[in-house]
Structures are given as C-alpha cells and as structure tokens.
Amino acid sequence: MSQKRSFPLYVTKRIGLAKWKYWLIRVGGILLAFLIAGIVCTMLKPGSFLTFYSEMFRGCFDFSDITTVIDLLVTFSILLLIALTLTPAFKMKFWNIGAEGQILIGALAAAGVAKFAPSEWPNILILVFALFAAQVASAIWCLIPGLFRAYFHTNETLFTLMMNYIAAVLASMMISVWIPNGSQKFGTLTQGIFPTILGHSGTLVIIFTLVIFVGMYFYINHGKSGFEVAVIGESVDTARYAGINVSHVTLRVMTVSGLLFGAIGFFIVCGIHQSFSPTIVAGKGFTGVLIAWLGHFNPFEIALFAFLSAVMECGTTTAATAVNISASRFTAICTGAFFFIIIACEFFSRYQVHIRVKEKGEVEEA
Amino acid sequence: MKKQTRILLALSAGLITLGAAGCAGVNGAVYTPGNPVKVGLICVHNDQSTYDKNFIDSMTVAAKNLGKKIDGNPIIKTDVDETNDCYTAAKDLVKQGCNVIFADSFGHEDFMLKAAKEWPSVTFCHATGTKAKVAGVANYHNAFASIYEGRYLAGYAAGLDLQRRIAAGELKESNYRDGNVILGYVGAFPYAEVVSGYTSWFLGVREVVKNVVMDVTFTSSWYDFNAEKNGARTLAERGAALISQHADSMGAPGECATMGVPNITYNVPTPEVGKTYLGYSKIDWAPYYENVVNSMFAGNGIEGETNNNWTGTAGTGSVVYDCVNAQDKILVEGIKAELVAGTRKVFDCAKFTVDGKHLTSYLADVDDDGTFTGETEAIVTQGGITFFNESAYRSAPYFDIKIDGIAQLNN
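Those protein sequence lines, which keep their order, are chains F and S.
Per this note's numbering, residue 1 is the first one in the first sequence, and the count goes up by one each step.
Per this note's numbering, residue 367 is the first one in the second sequence, and the count goes up by one each step.
Since the hints were derived computationally from the structure, they do not count as laboratory data.
Heads up, none of these hints are tricks.
If you want a taste of the chain F side facing chain S, the calculated C-beta under 8 Å gives, among others:
#1 Asn181
#2 Gly187
#3 Thr188
#4 Gln274
#5 Ser277
#6 Ala282
#7 Asn324
For each residue, glycine too, the CB sits at the ideal point set by N, CA and C.
So that you can see chain F by itself, here it is in the shape it has in the complex (with noise of 0.2 Å):
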C-alpha cells in the first residue's frame, strides 16, 4: 500500500459513458457558460441581466438587418475554416499551434499584391494573383516547421509559436516600407476586393466556406490521405510498418495546411476587411485550435463550437456597448468562461473524481 501521504482526491478513467449524457453534460455546460456571461455582466453593471441577453441576440440575430446576420456568419466561418484546417495535422499529432501566423503570413501576401497590382488589370485577375500569392506564402510558413519535424525531429509547438511572432514583427516591418509617411496604417483596398453580396463583402467567403467544409470533410474521412494521417496518430511505428512515409505525409499535410491558411487569410483581407494590419487575425488562429480539439477532430462538432464561439465573439461585442463596458476585455473574459466550461465538461465526462477514503488497517506515515 502506499507508504506516502496522498492527496484526498484521485481520478480514474470513466467506462461507458452513454453517449446522450455525455451530449447532455455539454449542453449544460454550454448554457452554464451563457449564465455566467451574464452574471459577469450584472456584476460590471447591476440591473443589466436582460439587456444582456437581448443585446447578445441582437448582435447575432438582428434580421431587420441582414448585414448583422452575415457578420455571425462570416466569424463562425473564418472559426471553422481555421479549425478544419488545423484538424489533418492534429489527428496525426503534429500540435500546430501557428495558425494565427500562418494565416498573417498570406494576409500579408494578399494584401500586397491587392495594394500593388496594376490598376488596369481586371479585378479577378488581381483576386486570383493574391489568392496565389496568399497561398505560396502560408504554405512556406507552414513547411518551414514542417521540415524541421520531418528531419530533424523539431519540436513542432514551440517552432509554430515563435513561428507567430516573427510573422506579427514581418507584417508590421512591411506597412512601414509600403506606407512612407510613416503612419503605419495600411488604410482600405480599392481593388483587389470581392464583391458586395447582400449588403457585405463577406458574403462570397460564407459560400467558399460550405465548399471547403464539404472538401474538408472527405479529405479527412474519405481519402488515402486522410487514412495515412490517422494511422499516424494513432502509431508512428505501426505507420511505417504498413510502409507510410511518415516524413513524406508530414509535409504533405504541411502543405496542404498551407494553402489553406493561404486562403483564409486572402478571405480576411480581399473579402471580410478590404484592409490590411498585422492585428487582423485577431486571435481566431488560438481559438480555432481549441475549436479542432474540442470538436474532436469531427466536423460537425467543429462546425458546432465554431458556430458558439461566433455567437459568444458577436453577441458580447455589442452587449458591451450597451452595458458601457470595455468590448474587448468583456469579450475575453466570456470567451474564456466558455471554453473554461466546456474543457471541465469534457474532463468530467471522460475522468470521474473521488475522494479517497481511508482505508482500516492503511498506515500513514508522516
């Protein structure tokens, strides 16, 4: 028996969990993180419990104005995008957690050949040449720790993470060669830009996004490719034993997260903001990282964490406003709650928690 003095609680692995108590603990938690939203928000402004919410859902649902719907739609789709996208690397525990670069990297891209495209050119002709570029540029960023891990076994977290900053340092160093007055600010693009749909220019990349989503879904469920990496994932050894070249499918995966990459961040800056700034991601490329973990690899499940993320992200921007509280700490500390919650729920539904009790004839040394 154990001879140390242990801690009063231990876990163990939860068995057999049926699957709709499973859904219901998360759609607890789901409405639990909502709840506490709101009691922030009372505590930051007493009386402001209902306004909250009907605020909340004025952010997200006003359909006296299309355009409100279309912004929801737009944040849960650059969410989802960024989550599919890290997913392939995820099942075959490559841990990229540089998306937020590696998108700013072909917003970047995009943006200067939209800036500096000849202006006689079509503006297709100019939206195809920064999709290209946007592409070239991610897929680099995204092979670069990519070949470390495939040959020199690099920790891949570390490197996609300070891979962001240099990113971050890259695009603020080119607005201040590309603007000269100094200013650094990169102002609107006057072609290069998708059209106006319903009243928003991100329209197009709600569209773009259902085709990607239905791309995505097969790659990973369906091909050759997607089997690879999760026979990776599962077993590095079992994967070369059934002779995959686990370097090869590496930077496959690299490469294809890279292109995608590529054309999230030409749809943030041709499509969604018709700007530029090295601060454009935002913080989606963190998020959608917790979106693909939580959403278990599956794509409905990401496309259903992405969709609340987006509720959470719009709802409490403009709440903010009316409560008068700081938008985005507000927002911060919501978000965070939300995925606080859903996190616990998921450790709860796999672990269960006892307390240990003492049993007769245990000694306990001091």
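Please arrange chain S on chain F, whose structure you already have, making use of the hints.
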C-alpha cells in the same frame, strides 16, 4: 453523415433566406434641427489608455454641458480595431439611431468614410484624419487641434526650469554635446503628427535656452509601455537633461523619475511620479463635441470649418497645457496670449534652419490623395512674420521637416 450535410445546408440556406426576407437594410436617421442629437463615439482602445480616456472624458464633459441637446447618454464603443470592425461599429451606431458619430483613431478613417458614403443623413466626424478635404463627402468631417501650440508652451515652461538648473550648476558634463544642452524625445512613428509635435516642443525650449540639441527615438507604436520606458532610458543615458514624449503610456514618465530627468507629458498629467514632473499638454475635445452638436441643433453646418476640417486652438479651449511652477505659468500665459493674438508663430522660419538655411518655400503633403508628395505651399508671411502655416489647410498636422539640431536616432 449525408443526412447531417443536408441538415447543415438546409440550416444555412434557411438562415440566409430568413434574413433576406426580413431584410430592409439599415437606414440612417434623418435629423431635424431643434431635436435632441443622438451621439455615438468609436474608440480604438478603452479608458485604460490615456489616449482614449482623453476622448471619453471630453465626451462626458461635453454631454454634461450640452444637457438636453443630447438624446440620452452618448453611446460609446470601445476596443474597436482599425479594420472593418470600425465600419461594423459605425453601422451598429447608425442602427441605434445616432445622428452624429465620432471616431478617435487615425486608422479608423477609411472605414468611417465608407460608412459616411453609405449613410449620408448621418454626420461622421473623425478626429486626427486627413481625407475629408479631398474626399468630397458632405457628411464626412475631420478635426484636430493645434496641439503644436500646446507643446510649444509646455516646452517653454520646461525651458524656464532648465534655465534655472543651468544657472544653479545642476547639469553634468554628460548633459552637454559640443557646448549644447541635450534634450530627449520619445516619439511613436516618424509621422508628420509626431514630427510637428517634437519640433514645436524643441522650439519652445529653445526660446528660453538657446544652446540646445535634441535626440529623438521612435517606439514604432502609439502605446507600448516597455518601448517607451526603454526609449526614455536610452535618451537619459545619452545625456538628455530634459525629456518629453508623444507616446501615451506611463513608461517614459516613470523611467524619467527613476533616472532623475525632468519630464513633460502628453495627454495626461503625471504629478504622481514626483519632482521630475514639470507639466503637460493635451487636446481637450469637449469644445469640438459641443460645437458639432450645437451647430447641428441650430441647423447650421459645423461652425469654424474649412473644407470639412475643424482645427481647435488655444482660443477655442481645445489646446490645454499646465506647468507645476506657478511663477513660470505667468510667463507662459504671456506667450500663449501672443500665440492667440497671432503676434508669435511656433514655426517662425527665422527661428529654425534646415541644412543651415532659413526656409522660404516648402511644399507640404496636405492633400491625402495616396501619392505621399507635397503639393501645398506652406510657408506664408503674415504681419511681418514668415512661418510654416501648420494646421491651416487641413486640421491634422503636416509639418514633417527635419530641422537642424534634432537627430532621429532609430529611423
């Protein structure tokens, strides 16, 4: 899984149709003079940043002074990035029925302009921007204040203090370079607004202490505590006997206190750092906010505007400064009276040289047409003084000349 795909597709299609069905678009409120004005304000950060706090506080004061001319409390949106988020914020303010929408950050400009074109019945007023003059959008306005006057006055006050320290023999040998006293300035970007700011401050000090030179460092950020702290330290280590800054954090004032170097702050007074605090200058936006609302209420265009640009001055109460020493303040008030009367000019060409020569002509980049080249002759002669006519052709500063005696360290 196919079923799920179908559900998802149906859901999104449903959402879009539902939205399209109920979609009426956003209509800007039409304002009738004499009714309370609904006011919105878009801020790039929140009241934890001294820059935004200055705007928010000014709005609070203006709202109090305007009383019943304002409809309820102004709606303030904080932490609005200089991206399409600014347009989205403006849209929400339009939806909530705002008649006039203000924004406080330079990078908001393009998105404010986009919104102004979309909702012509709503007035859009952008502080620090440069495009209203050339945009030709009737309901889009720029505003700034001649803060170079405020910095000049704060510099003058600092010069009086420096003069006393020199007389008392408090300066060390390291504070001199070739017989000149070294000054330091922590700037944000090498941008006209910053260049205009540090040059006017330098000229203010030099009105009192003739033998000064200045080092300028840039932080490449409008708000970066560590960079501003390090900038101030670098300047102090290079011998600066007096430091000021454009940047907004407590980084530079705090470091000046540590290093024992007197400091002039911007946007916010910092007496809490102790005896190194000499004074400050800032823009008070309340007179502008009150002017806009009063003009709208009366059914007029914004009073005092030229080409949709409004420049606040010491005369309108927009330029504010203060210094700790009460005796000095009396002297500085005299200088201020001369500026208001126009008998003294900050950028008096007789008072500075460029490459050893006094300027007689300079084409300034006033029109923000994307070319970044000068097109407006900015040197004028009025009342016997030849000077650089700052903030006259548009509200935002356009003085971007590197004058003799000032060295940019890291640009």
